[in-house]
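Protein chains in written order, with our numbering: chain A, 1 to 243; chain B, 244 to 615.
A couple of the hints might just be wrong.
To be verified - One-sided excerpt, in silico: chain B residues whose CB lies under 7 angstroms from chain A:
| hint | residue |
| --- | --- |
| 1 | L442 |
| 2 | P452 |
| 3 | P455 |
| 4 | D585 |
Derived by calculation from the structure, the hints in this document are not laboratory data.
From the three backbone atoms N, C-alpha and C, an ideal C-beta is built for every residue, glycine too.
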Amino acid sequence: MSEKIIEVKDLVKKFGNFVANDHLTFDVNRGEIFGFLGANGAGKTTAIKILTGLSKPTSGDVQVAGVNVSKYPERVKKKIGYMNQSFSLYDDMTVRENFRFYGGIYGLSKAEIKERTKHFLTKLNMEAYGNRMLKSIPLGWKQKLAFSVANIHNPGVIFLDEPTGGVDPITRRQFWELIYEAADRGTTVFVTTHYMDEAEYCERVCILSEGKIKALDTPVKLKQDFNTTNMNDVFLKLARNVE
Amino acid sequence: MWTFIKKEFFHIFRDYRSMIILFGIPVIQVLLFGFAITNDVNNAKVAVLDHSKDPVTREITQKILSSNYFQLQQYLKSDNEIKPAFRKGNIKEVIVFEPHFAQKLNTEGKAHIQLILDATNPNTASILNNYTNGIINTYTLEKMKKENKLPTELNIHTTMMYNPELKSAFMFVPGIMTVILMLVSAMMTSISITREKELGTMEALLVSPVKPQVIILGKVTPYVALSSVIFVIIVALSRFVFGMPIRGSLLLLFGESLLFLIMALSLGILISTVSKSQQQAMLLSMFVLMMPTILLSGFIFPIENMPLFLQYLSDLMPGKWFIIIIKNIMLKGNGIEYFWKDTIIIIVMTLFFLGVSIKKFNVRLEPSSKKK
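Isolated chain B, as found in the complex (with noise of 0.2 angstroms):
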């Protein structure tokens, strides 16, 4: 046993190039999803077409100027720039007030302001425009409230639990994690299975005394403990480098996540035995795995608001749970009472994959040796 396991960390450490893919992916997939994916909106370019041009105006500009989402790139100067200023390509938002605003404000008691917004990407166009709504209302609010206008005062109070400053690195962090696991721990182990298979080696194996599960044990081990470097420097990145907290035991965050790693890892030799060539078992962890972890765990879009054929499908994600337990610990900082259901599934996606993987391995020499 110790043999093999020896000898796969020759294989793993001697093989520069993948060390640096083993270890480098990680890092640089959770500092490019942690910053370039974002949907946190900050300095979206506007431009202002103020055909009132009075205090009222100008106060309601500054007031939306002033906040952290926007950035004036121009003032306009009439209807016919404003198309030509979208097209250019940077303005993200054009605010329009109507001629004699202030005086029509005081009056008629109302005003209009326009605002138009480019929505070649709906998610930002929708955020800009409930913030833009939003520094309007509270600034006629208060301006009620000056004149006295106000007959009844509602109060609302928001409270953003787990997430207050709504950062989008704790929703994204969770869901990398379970991709980067997957993908170390499948596709690594499937692949340097199918290499021995591709080198004849295995044959060699199966020929000695040595027993298959012994084989494929010391096979396995020592990309978990791979894995598990790799999840460390995961959490580690997370804490340090965006903040996210990790609120619930840390123990148990490691116990579950070597439950999905072990899952993982079943599933890459559940790869490596239907796979013949080590291209092969790469495509099949890309496709098989990869693409609806990514799509259907809820990683990205929203499970809520699937069609229910595809919320199905997302219940077979073994990552959709892990999601959903990283989240509980590392936000909600829950124990496992609150989460023992989504392990019991990962647990029993984990024994099923390697209930298959030893059957399929024990007859899988048999049709391969019809080739001769």
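Just chain A, same shape as in the assembly (with noise of 0.2 angstroms):
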């Protein structure tokens, strides 16, 4: 078994009497590509909360790439990447300054920033667009984009809370690619998602449903766990127990 980059002992989260995530307890290997599943609601956007310091655990010990994240939100910060179903991208600036703007944040030099921006564009084939404002990309560019900038400061682990909302399923196939790019060079991908094709392509998924745990395990086992031929009918099961 390789290293543990992601360490989670019986997470819960409670907002008043609602309980958002019920013990999770999870481990995510470096260099993994780590699925996380569930219908709205099920406590998925609480936990890459918690997980990226923006929340604090009600109970629960969490480690992100060696820091304890409820006791140091701050330095778990600098070594992780994070991106939005809204891509945290600003429409009225161009990409060249929106990779400028998150470098800057993310404290790297201004001759790393230009380097590393060359070397995303030129990796996405969009030299050209550098100069141009985002709000005339396409969404489907956009998203590269913003997977590219949340790259910039090469973190250890990179959250995408439901990176892939709203694009059609070649753009979507394209941007796993992305992934599986980055997955290759060591980075850890941490996914949140509902569509059922995008389960498949990750390496381990984790099923929570009401804020539990449901399901836990490479997609091939889990299909034959509950012998069906693909993720969405294990998905169906699952939901059907609960009712």
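Make one complex out of these two single chains by using the hints.
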């Protein structure tokens, strides 16, 4: 077994009487693509907020990249990248300015930012678009840019909170190629989604329902266990058990 | 830090519509308030019903009409014409002289003038009444003097301190400054912060290693700069368009205004922490800040005339203290020794708002994570 980069033990998060995360325990290995699945309201976003230090757990132990997140949320922030559904890019700035801004936030030097920007634009075949305003760029490209921007500081772990919302399957496929590349370089990818086809791309998936972990394994194993051919059925069977 | 400020300026300058609003509103408001909203009465239309038509009534009519306040609309011929004349609407006052006016004045020593006023606007009506009375009194005194009937002579010398021409602009400009600074600073910051919340970029910023205080500071600094520019524009307009004097220290005026700006900005941050969308932030700024500032700060309605409860409430309006300070500096030419108390009140308010918003900003991530 390889080195663990995320370790979560008995994580509980309550909002008043509502239990959003109910004793979650799981590990993520370095370089793994870890899928976090669940319907809306299952507690995915709550968990990701705790992992990224935005929110404090009610109880439990959370280690990310060797840092106790609930104790030192500031320390973990330098080691992680984050991208959410809305891409977190600024529409009224150019592509380059967006890179420069986020590079600056993560404390990169001017030369580093320049070099990284060039690297990403070349990789995405977008050199010609560097000085275009972001609002004039198609959604699928924006998404790839957002992923690159979240990677600008070479984080050990990158958290993607429903990164592929609202784009077509082909664009989604291309986006996943980027994710694979990042994982090949050793970046751990923690991704939440409710698209079951995406779940198939993950090395391991964790299915969440009503704040509890219902299943956690490789997609192949899960399909075997539930005796189906695709993840969608796994999910439906789990959901039925709940009802 | 600098990265943030630069980014914020991108947002501001690339959104040309907000730019127009940002700089257009203050200019238009100052001009509108300065010119349109005025208590001064000029060229009020009057009608004269002279039953006597003798040299005395003609002289008095002449005196009244030769002042700038009145303008003759028509001569009426009978009492029946009074009501229709008012109904037409443009006549504000009718002056009625009784029959045999001069004759009665000579024989009986007294005669009657009746003033009938349109009091749909009570303020204008009472001002016109006072003007007319004043003119008639002066006439009587002069006449008595000429005829040596005056037993003792009482001379009244009135001096209108700080605003000898009684210009309303002098009263309104400090108020407009306050309202505009409040509007621009509080509204703009609260909108720009909630916009990042709406776009989801705020989340990305909070996940980054940058401290929340730096994020906020970076967002607010450009607005301090902008509001200062706007403030200079307002001061210049009031100085050169309305002839508003700046008798005190210009530096002190800017210092106090900067303080007030920071107070308004921290209010803006506070609003942004409690509102979820840009619209909400805008409405909150409008209703929580604008209306009370306009109504309760002494900008239009004198605080002394309010019910006691509202007087206490007005003490909570930062605008009230700022208006006092501006009037002290611009009109009276006073130094800080006259309004250090008001300054301290604003400082305390600023610290309070800042403290609350920092606290709110830190905890507000928690409940918002409940949405999914």
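Task: Earlier hints that do not hold, by number - done: 3, 4
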